[in-house]
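Chain order of the listed sequences is A and B.
Here the numbering used here is used: the first residue of the first sequence is 880, the next is one more, and so on.
Here the numbering used here is used: the first residue of the second sequence is 1414, the next is one more, and so on.
Calculated from the structure, these hints are not laboratory results.
Keep in mind that a hint or two might mislead.
Claimed, not checked - Computed far set for chain B versus chain A, every beta-carbon distance over 12 Å:
id : residue
1  : Ala-1434
2  : Thr-1590
3  : Pro-1591
4  : Ala-1593
5  : Ala-1594
6  : Arg-1607
7  : Leu-1692
8  : Gly-1717
Stated by the list, open to error - Restricting the straight-line Cα-Cα distance to at most 20 Å, the calculated cross-link-like pairs of lysine to aspartate or glutamate (DMTMM-like) are:
id : chain 1 : residue 1 : chain 2 : residue 2
9  : B       : Lys-1535  : B       : Glu-1551
10 : B       : Lys-1613  : A       : Glu-923
11 : B       : Lys-1618  : A       : Asp-896
The beta carbon of each residue, even a glycine, is placed where N, CA and C say it ideally should be.
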Amino acid sequence: MNAMKVLVVEDDAGLRDALLDTLLAADVPAEAVGDAGAALLRLEAGAFGLVVSDVHMPRIDGIELLTAIKRRWPDLPVVLMTAFATVSKAVAAIREGAIDYIVKPFDAQALISMVRHQMSIRAIPDELVAEDPESRRLVALAARIATRPSC
Amino acid sequence: MNRSNHTTSAKHSQLKTAFAAFGSASEKLSARFESLEAKVVWLTRELLEARAGRESTEARLAAIIDGLPAGVLLLDAGGCVVEMNSTASDLLGQPRPQERFEAMLGRNVADPARLIGAIELKNGRFITLSRRNLPGGEIVLLTDVSEAHLMQTYLERQQRLSTLGELAAGLAHQIRTPLAAALLYASQMTLPGRDEADLKRCAGKTADRLRELDKLITEMLAFARGAASVEPVSVNALLEQVAQWLRPTLRAGTRLTIRTEAPDLRVSVNAPAFVSAVLNLATNAMQAAHSNLEIELLARRSAGGRAEIVVSDNGPGIAEHLKARVFEPFFTTRARGTGLGLAIVKSIVEAHRGGIRLDPSRSQGASFIIDLPAET
């Protein structure tokens, strides 16, 4: 995994601290902000490998933040945290470009596994740049084949 | 002899005439007497019929008054009960000899201090009183409003429950947020490589989040329950109680003043609930990050004679577009706010037959006006 950070976006200060604390405890580099506006500013300034954002936030909610991120940084993966495990919400979020969603409440292990999984997927294109999704799949396949021990 | 015969005959004729006249007069008298007698019989019958009619009207009126679903009491000039119908005696029992109505009522009410609106009796019924002066006394009408009172209490409770029901989705979010944080800290303890200090810190953080959850649930229950029993209390004393709670928490540079424009103003409230409502408003004012913050608690009588408590500050105030929403449950602008504070304040004030509003004329800071029926 590279050194790119995870950006946590959560309006509740208590939960924001808990999320950040959990990621740092698992040696996952991370930062946390309290709203979508602060998240966009932070993304402009630094290199982040993943955004983990709450859906229900005052002013700009998680879905609107997701749309804004997809417009500006189409390759940046966004995972949404929602307290409402409704299929429609999840489908809408995936349609908007979220790569995954996680239902609150979740434990530390679930968060860490999800973040590590997403960051490891992101690690591959750093070695070879490809814009087209088909080419990207091919690069990923090539990388997997290359890492296998030869018979 | 002839002369003598002639004289006798004349006398005889006179007597005959006289008898005839007497006979005629006698017949006339007899006829008049019979007519008078018939009239007497007729008048007597009329009289009897009239008396019977009046007695039946009186009996009917008495039966109607006795059967009225309201209690009727007739008082003499001294205020003692002269007559009462059966509904009145069902509600208040019988008066003691020479007992005044006020004393009789006093024996029966659950709380002698609460004699306005629906009065609760010791037997669990609720009545309203209306009185009118009569020549030489007074008439008192007691209306049993127990069913209406129960219905009103039930409706108010239903409204609160229904509001609470609508909040279920918001609640799920509110409860899950501290729960999610607690779960993260608790499950962190099982990650590999945790040392003693990590475990201690995570346990402390878990407990903090659970306490936050407990506070949230307590606030929701207060909202669902509404206010409990009420008692008349001076508004000034209420504000003093608020100040007692508030003073130890004041930051340096924050000034708290209590102003009373009507020192004799009294209201009927559940003091702990009401003090916590006013305290909540004042605490909100204190959240404003403002140097030289001034908070004022003002007691005054409105033009309409109601009691008003005004909690104002010189902080940043409330943005125009948020003013209409501040009393909505779960509405908050603070990262750690539950958004239940002002909704609970509103619920407590309304349970006391009062209202709460933002002072629209205020150009700087925020000013909340609570108005309540004043005790006379």
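Do the hints match the structure? See the list:
1. The beta carbon of Ala-1434 of chain B sits about 126 Å from the closest Cβ of chain A, which is more than 12 Å, so the claim that it is off the interface holds.
2. A Cβ of chain A approaches the Cβ of Thr-1590 of chain B within 12 Å, the least distance being about 5 Å, so the stated non-interface status is violated.
3. With a least beta-carbon separation of about 6 Å from chain A, Pro-1591 of chain B fails to lie farther than 12 Å from that chain, contradicting its non-interface assignment.
4. At roughly 4 Å, the least C-beta separation between Ala-1593 of chain B and chain A is not larger than 12 Å, which violates its mark as non-interface.
5. At the 12 Å boundary, the C-beta of Ala-1594 of chain B falls inside the reach of chain A, the nearest C-beta of that chain being 4 Å off.
6. Not every beta carbon of chain A lies more than 12 Å from that of Arg-1607 of chain B, the smallest distance being close to 8 Å; the non-interface claim is violated.
7. A cut-off of 12 Å between C-beta atoms confirms that Leu-1692 of chain B is not in contact with chain A; the least separation is 23 Å.
8. Listed as outside the interface, Gly-1717 of chain B is consistent with that label: its C-beta sits roughly 38 Å from the nearest C-beta of chain A, beyond the 12 Å cut-off.
9. Distance check on the hinted pair: Lys-1535 of chain B and Glu-1551 of chain B sit about 25 Å apart at the alpha-carbon level, beyond 20 Å; violated.
10. At most 20 Å may separate the alpha-carbon atoms for a hinted pair to count; Lys-1613 of chain B and Glu-923 of chain A exceed this at roughly 37 Å.
11. Our distance criterion of 20 Å between C-alpha atoms is met by Lys-1618 of chain B and Asp-896 of chain A, whose separation comes to about 10 Å.
Of the hints listed earlier, those the structure fails to meet are numbers 2, 3, 4, 5, 6, 9, 10, in rising order.
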